[in-house]
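Residue numbers (the numbering used here), protein chains in the order written: chain S, 1 to 232; chain E, 1001 to 1232.
Think of the hints as simulated: they come from the structure by calculation, not from any bench. You can trust all of the hints, since none of them are fake.
For each label pair, taking beta carbons as the anchor points, the in silico distance ranges come out as:
#1 I208/S / G1053/E: 47 to 55 Å
#2 E132/S / K1170/E: 24 to 32 Å
#3 L1174/E / H191/S: 46 to 54 Å
#4 N92/S / G1053/E: 52 to 60 Å
#5 E1055/E / R221/S: 30 to 38 Å
#6 G196/S / D1032/E: 40 to 48 Å
#7 G1033/E / G138/S: 25 to 33 Å
#8 D194/S / M1091/E: 32 to 40 Å
Since this is a predicted model, take the numbers as computed values, not measurements. Quick reminder that beta carbons are idealized off the backbone N, C-alpha and C, glycines included.
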Amino acid sequence: MNKVVANADEAIRDVFDGASIMIGGFGLCGMPENLIRALVRKGTKNLHTISNNVGIDGVGNGLLLAAGQIVHHIGTYVGENKLLEELVLSGNIKLELIPQGTFSERIRAGGAGIPAFYTPTGVGTIVADGKETREFDGRPYLMERGLTADFAFVKAWKGDRAGNLIYRKTARNFNPMMATAAKITIAEVEHLVDAGELDGDTIHTPSIFVKRIFQGELYERKIERRTVRKVG
Amino acid sequence: MTFLGHDKMSKPGKDADKRERIVKRIARELRDGYYVNLGIGMPTLIANHVPKGIEVTLQSENGMLGIGPYPIEGTEDPDLINAGKETVSEMPGTSYFSSADSFAMIRGGHIDLSVLGAMEVDELGSIANWMIPGKMVKGMGGAMDLVASARRVVVAMEHTTREGAPKILKKCTLPLTGVRVVDTIATEMAYIRISKDGLVLEEVAPGLTAEDVQKSTEARLIVSPRLKVMES
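Take the sequences, apply the hints, and build the full model.
Below, the structure is given as structure tokens:
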């Protein structure tokens, strides 16, 4: 068994036109930047992306958007993207916005073999349109479906050759659930080590979920909003 | 300690004064041991006014408990951001987790207090804060999950629109974020509790009367027999 591939281009060799792809990251934090750049190079079209945000103009998923590769997007917040606005208003992209907790739970459920679940989020709002509602203990809930995809692109801080992953700080976000919810999960890591070098008690994503792994060629690790204070 | 920097959004003067009154009023609701989620914008400023002698832990829905102040210049970390995608620091005792765990905390009713802004609130406690029809939809992010499931939901907003139109209505006109979810509303004019019987005016700003507040409010206010002046 060898899960290690040389680079991002090799990792995405079988991504096809029309594929659905989950892409980790909250804004630019914890996004699989090498895989995104490789997908732009590959030029795969008609992608169905599932990601909290669509990056920002010219960065992260924003690159896929600019290259006209996305036809449908499911996310929770897209306020940072002028180009997306134009594409949605002109009818070139279908955009599905859902509550963030529902988004993360749909992916978790998809990966855990749960076809649907009930949540109180969105009851009485347009999110409830067309959905089954059911009362439990006197409170109404919406039924939401589990979500899966053809591919998941995730980014971790450390990984081993077996495919175990450890994330760092808030760069974890949606990556662990997405890793469980796709037919083929591809992980890029900042540090790739031999099996046995990571403490098994500290693994966030167990190897079973990861099909391919590689050490990213370049980490720009851009900051979306740099906020600081002065000493003293 | 200046926790989350200065109020970047307000022009100095009148707007900053309004925000300060709102933020300080809500800060007085904090209790020792609370786990609190502060929405993007004005609510984050509440962290600067935590009363002495009490300890609260700030949750960030992207996967963190224990948000600290903005980092000292030069120590900012691309892997450490809040839900507004701003760089932050961590407090002693901080923990990180996935978005699914984060929203399990929220949906599971473990967040003591959620403070967020609003475009409209009505007399039933329904809130609209994510979408204006005809304008680009940016997405609801985590707001629908927070209002549905936090133990206590407090709205921090200016009492009227910039044009002077009421924001506290008989019935919300914009697409809803949640139905019957708000517990209290704090504005620069008043502190209003939502009860089964309607909106109860509990406090008015110094120099204002209950009639003044009613004039700027579409919904009918029930004046509390214990009406007080808001401390500033």
